[in-house]
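Peer 1: Please construct the entire structure, taking both the sequences and the accompanying hints into account.
Residue-level listing of the chains:
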Amino acid sequence: MRSTKRLICMLLLFTMLVSLFTACGSEKPAADSTTANSSAAANSSSTAKPFDDTKINFIGFGAMWTNEIVANLDKFKEETGITVNFQQLANDQLSNKIAVSSAAGGSDLDVIAFRPLQETLLFTNNGWVEPLDEYISKSPDFDINDFFESGKDICAIDGKMYGIPLMTEREIVYYNKELFAQAGITSVPKTMDELMEAAKKLNNPEKGIAGIAIRGKGSDAVTQFSGFLRAFGGDFIVDGKAAINTPEAIKAFQFYGDLLKNYGPAGVANMGWTETQSLFTQGKAAMRIDADSQYGFALDPKSSLISDKVGYFVLPEGPAGAKPFNIVAWALGISSGSKNKDASWEFIKWSLGKEMDVKTALAGNPSTRNSTWTNKEANKNFPADLVEVINQTNPIGVGTDRPFMINVGEARTVIGNVITGAILGKDVTAMANKANEDFQKLLDKEAKK
Amino acid sequence: MILKWVDKNLKYIFTLPTIIFVLAMILFPLGYTLVLSFFEWGMSNSVPMKFIGLENYTSLFTDDRFLPAVGRTFYFSAVALFFEVLLGVSIALFLNREMAGKNIVKTAFLLPMVATPVAVGLVWTLIYEPTIGIANVIVKAVGLKPLVWLGSPDTALASLMLVDIWQWTPMVMLVVLAGISSLSTEPFESAMVDGATKWQTLWKVTLPLLRPTIFTAILLRLIDVLKTFDIIYATTQGGPGFATETMNILSFRHAFEYFQFGKASATLVIFFVIVLSIAAIFIKVKNKVEVDY
Chain A
1 MRSTKRLICM LLLFTMLVSL FTACGSEKPA ADSTTANSSA AANSSSTAKP
51 FDDTKINFIG FGAMWTNEIV ANLDKFKEET GITVNFQQLA NDQLSNKIAV
101 SSAAGGSDLD VIAFRPLQET LLFTNNGWVE PLDEYISKSP DFDINDFFES
151 GKDICAIDGK MYGIPLMTER EIVYYNKELF AQAGITSVPK TMDELMEAAK
201 KLNNPEKGIA GIAIRGKGSD AVTQFSGFLR AFGGDFIVDG KAAINTPEAI
251 KAFQFYGDLL KNYGPAGVAN MGWTETQSLF TQGKAAMRID ADSQYGFALD
301 PKSSLISDKV GYFVLPEGPA GAKPFNIVAW ALGISSGSKN KDASWEFIKW
351 SLGKEMDVKT ALAGNPSTRN STWTNKEANK NFPADLVEVI NQTNPIGVGT
401 DRPFMINVGE ARTVIGNVIT GAILGKDVTA MANKANEDFQ KLLDKEAKK
Chain B
1 MILKWVDKNL KYIFTLPTII FVLAMILFPL GYTLVLSFFE WGMSNSVPMK
51 FIGLENYTSL FTDDRFLPAV GRTFYFSAVA LFFEVLLGVS IALFLNREMA
101 GKNIVKTAFL LPMVATPVAV GLVWTLIYEP TIGIANVIVK AVGLKPLVWL
151 GSPDTALASL MLVDIWQWTP MVMLVVLAGI SSLSTEPFES AMVDGATKWQ
201 TLWKVTLPLL RPTIFTAILL RLIDVLKTFD IIYATTQGGP GFATETMNIL
251 SFRHAFEYFQ FGKASATLVI FFVIVLSIAA IFIKVKNKVE VDY
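The listed protein sequences correspond, in order, to chains A and B. Sequential numbering of the first sequence, starting at 1, is according to our numbering. Sequential numbering of the second sequence, starting at 1, is according to our numbering.
Mixed in with the good hints there might be a few duds.
For lysine to aspartate or glutamate, the following EDC-like pairs were computed, each having C-alpha atoms within a straight-line distance of at most 16 Å [unchecked claim]:
| # | chain 1 | residue 1 | chain 2 | residue 2 |
| --- | --- | --- | --- | --- |
| 1 | A | Lys201 | A | Asp258 |
| 2 | A | Lys138 | A | Asp308 |
| 3 | A | Lys441 | B | Asp64 |
| 4 | A | Lys434 | B | Asp64 |
| 5 | A | Lys97 | A | Glu79 |
| 6 | A | Lys426 | B | Glu40 |
| 7 | A | Lys75 | A | Glu355 |
| 8 | B | Lys204 | B | Asp224 |
| 9 | B | Lys145 | A | Glu206 |
| 10 | A | Lys251 | A | Glu317 |
| 11 | B | Lys140 | A | Asp153 |
| 12 | A | Lys445 | B | Glu55 |
| 13 | A | Lys349 | A | Asp143 |
| 14 | A | Lys434 | B | Glu40 |
| 15 | A | Lys152 | A | Glu178 |
| 16 | A | Lys448 | B | Glu40 |
| 17 | A | Lys441 | B | Asp63 |
| 18 | A | Lys445 | B | Glu40 |
| 19 | A | Lys354 | A | Glu169 |
| 20 | A | Lys359 | A | Asp342 |
| 21 | A | Lys354 | A | Asp141 |
| 22 | A | Lys251 | A | Asp342 |
| 23 | A | Lys152 | A | Glu169 |
| 24 | A | Lys77 | A | Glu377 |
Over 12 Å on every C-beta distance to chain A, these chain B residues come out as not near it, computed from the model [stated by the list, open to error]:
| # | residue |
| --- | --- |
| 25 | Phe82 |
| 26 | Ala100 |
| 27 | Leu150 |
Covered stretches of chain B (in silico footprint by chain A; criterion: 3 or more residues with CB under 8 Å from a CB of chain A, positions within the stretch not fixed) [to be verified]:
| # | region |
| --- | --- |
| 28 | 141 to 149 |
| 29 | 246 to 257 |
Since the hints were derived computationally from the structure, they do not count as laboratory data. Note that the structure is a prediction, hence the values are computed from the model and not measured. Virtual Cβ for every residue (Gly too), placed ideally from N, Cα, C.
Peer 2: Listed below in structure tokens is the structure:
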């Protein structure tokens, strides 16, 4: 009796241990074999598909660009043999995921999408992204000189390129033509005062319609606020010093706060771009200020009730002129821990190459290539009135929409807190003074490094 | 020979997986967090960790956001816990009777608890949406002024408490209900024989007998409610301003938005010590108060 019991125990233990070890072990040979394959494949580059059976992981964001690329992944596999495993995340989650994986070596990431203004400094500083110059010089067909100069600049540190620009974005005003007609507004606002005036006329809380909707949630709002800050003559950093409590900056905070406090939607202090977008597309906001790259959502009859009533105009001018941002919103890079760097470059070369760039432009992506913008055929799907606003914005656009620094996350929280405070009607001067002190401390800390 | 050895050490061998699991999943992260809290580190692969002693801790106490976050964590927990226990016990007592559709009601009460917290957060964001959400429709229907809920620092934290109460009252109810059904019938019979009213039975017999159960429910909820993260992150991420920034949210932002792992770890170490001491005090009190009948 006792011995059978013991036997059962032993068997149980044995199976447990065996399963434990096989579970641990099975991963390894598989990983080895893929690296072996890819290096073998790289050596025999004479075959038609040098990357047969190579798998790469690509993590990115949700946009029209992404949809078009994902729809064409099969074709890419046919051409190169590379299987792309795509994972889509929201902006902040994407950044978190890259950080966590990279800190752990980054071998589970190959191609990564990142926001150059937010992350180039951080990622290069931490050694998470691979310099691309060597790959670029090996690929003359890719024609790196075709990309906007400003776009390349923002992806480069100390003369080395760490990302390839993917998408540009400009700050514009969207408006609801029907609500404008109802309010008797015949011409679009040209100055900040006219913007305030129009928002006042359009605001109709009884019907649940806000005059204007812009981001009000602290750090999210900083990028949209940049256009106001500069229109009033201020900036985040002036001569290397924090400058968010200058008289100009305080005026801008006050204006942005008053605009949204008086004529913004209820609860705007907790809104990001998705919330203002749904209000606008549901006809609950007469105007909306955000990036032009989101126009597709407003025009899609499946998600928008006002798809046939959308108009656009250039961000109005303040005392210091009209200063909308015109930035490179996204770029592609290669994780420095990647085991498939050649295959990853192959993917970047394909997805941002001239041919695909025209395709994604047709799908609605504002390109970063000169050749695509001068190609009439590529831009035929953009609404004509939007192209006009883009063309007016391009020459006056400012290349950054947030303080360009390593710890931009914390800086955005500090500045965003003043924006939210202004919307909630708090003492802007006191908040701006305090925030400027904290902002300066962040800048000092980076200077020390 | 080997068999004999195995036989002798069977108790160790069988507990080994558990020990490995506890070491890897609980003790290691705890220890690592403690170590990190003495360093400055931005998750960098090229810039090594820098030992800075207690600086992370001292910097927290001069941080404008830390102490309010501590206060908020306790305020949120105390209010939510109070209502969860009050409502949970009341509903359990109410349901402890024969009535038609009792099981349906019980199941319905459990639904919020089984829903994924992030989904709950997203659904409540829609409910609370001031322009198109249903919360304001209801508020207006009963003749009150519409609120902005999560959009104002005055109401955001209270709105989140409401979500927590909605979601976790059923758990207290479930535990208490189980406690009631395990009570022996004798005390109730003798109370009836002695001519006690229903009210007297409730206060003098049922509740005292349920005391250990209620204490257990409070302890479980207390630890959970202090840790609340998901519904806050899914709705406000600590905003508007810093109005709903609890210790967990603050720590998350320090770590993954500002890449200051040391400061984030220091916050969590302080948090861990606080939660541990509260739980210890609570268990002491529980043991003292509990009497066998």
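Peer 1: With reference to the structure, classify each hint as holding or not holding.
Peer 2: Cross-check of the supplied hints:
1. Between Lys201(A) and Asp258(A) the alpha-carbon distance is near 15 Å, which keeps this suggested pair within the 16 Å criterion.
2. Simply put, Lys138(A) and Asp308(A) have alpha-carbon atoms about 47 Å apart, too far for the 16 Å limit, and the pair is violated.
3. Between the alpha carbons of Lys441(A) and Asp64(B) the distance comes to roughly 14 Å, so the proposed pair stays at or under 16 Å and holds.
4. Between Lys434(A) and Asp64(B), the direct Cα distance comes to roughly 11 Å. Compliance with the 16 Å bound is thereby established for this hinted pair.
5. Distance restraint check for Lys97(A) and Glu79(A): the Cα-Cα separation of roughly 30 Å exceeds the 16 Å cut-off, and the hinted pair is therefore not satisfied.
6. With a C-alpha separation of about 35 Å, the suggested pair Lys426(A) and Glu40(B) falls outside the 16 Å cut-off, and the hint is violated.
7. A threshold of 16 Å between alpha carbons decides the hint, and for Lys75(A) with Glu355(A) the separation of about 13 Å falls inside it, so the pair holds.
8. Restraint check for Lys204(B) and Asp224(B): the C-alpha separation of about 30 Å exceeds 16 Å, so the hint is violated.
9. Restraint check: the Cα-Cα separation between Lys145(B) and Glu206(A) comes to about 13 Å, which is no more than 16 Å; the hinted pair holds.
10. Taken as a hint, the Lys251(A) and Glu317(A) pair is honoured in the structure, with Cα atoms around 14 Å apart against an allowance of 16 Å.
11. Note on Lys140(B) and Asp153(A): the hinted pairing is violated, with a Cα-Cα distance of about 54 Å set against a maximum of 16 Å.
12. Restraint check: the Cα-Cα separation between Lys445(A) and Glu55(B) comes to about 15 Å, which is no more than 16 Å; the hinted pair holds.
13. Simply put, Lys349(A) and Asp143(A) have alpha-carbon atoms about 10 Å apart, close enough for the 16 Å limit, and the pair holds.
14. A threshold of 16 Å between alpha carbons decides the hint, and for Lys434(A) with Glu40(B) the separation of about 25 Å lies outside it, so the pair is violated.
15. A distance of roughly 40 Å separates the Cα atoms of Lys152(A) and Glu178(A); the hinted pair therefore is violated under the 16 Å criterion.
16. A threshold of 16 Å between alpha carbons decides the hint, and for Lys448(A) with Glu40(B) the separation of about 14 Å falls inside it, so the pair holds.
17. At most 16 Å may separate the alpha-carbon atoms for a hinted pair to count; Lys441(A) and Asp63(B) meet this at roughly 12 Å.
18. A distance of roughly 12 Å separates the Cα atoms of Lys445(A) and Glu40(B); the hinted pair therefore holds under the 16 Å criterion.
19. The hinted pair formed by Lys354(A) and Glu169(A) fails the criterion: a straight-line CA distance of about 19 Å is larger than 16 Å.
20. Taken as a hint, the Lys359(A) and Asp342(A) pair is broken in the structure, with Cα atoms around 24 Å apart against an allowance of 16 Å.
21. Only pairs whose Cα atoms come within 16 Å are accepted, and Lys354(A) paired with Asp141(A) is accepted, the gap being roughly 9 Å.
22. Of the supplied pair hints, the one linking Lys251(A) and Asp342(A) is violated, its CA atoms being roughly 51 Å apart against a limit of 16 Å.
23. Annotation: proposed proximity of Lys152(A) to Glu169(A) holds, straight-line Cα distance about 15 Å (limit 16 Å).
24. In summary, the hint linking Lys77(A) to Glu377(A) is not supported, as the alpha carbons are separated by about 27 Å, beyond the 16 Å threshold.
25. No beta-carbon of chain A comes within 12 Å of the beta-carbon of Phe82(B); the shortest separation is about 26 Å.
26. With a cut of 12 Å on Cβ distances, Ala100(B) stays outside the contact zone with chain A, its closest approach being about 42 Å.
27. Under the 12 Å C-beta cut-off, the non-interface status given to Leu150(B) relative to chain A is violated; the minimum distance is some 5 Å.
28. Coverage of the region 141 to 149 of chain B by chain A holds in this model, with 3 residues showing a Cβ closer than 8 Å to a Cβ of that chain against a need of three.
29. Counting residues of the region 246 to 257 of chain B whose CB lies closer than 8 Å to any CB of chain A gives 3, which reaches the minimum of 3, so the coverage claim holds.
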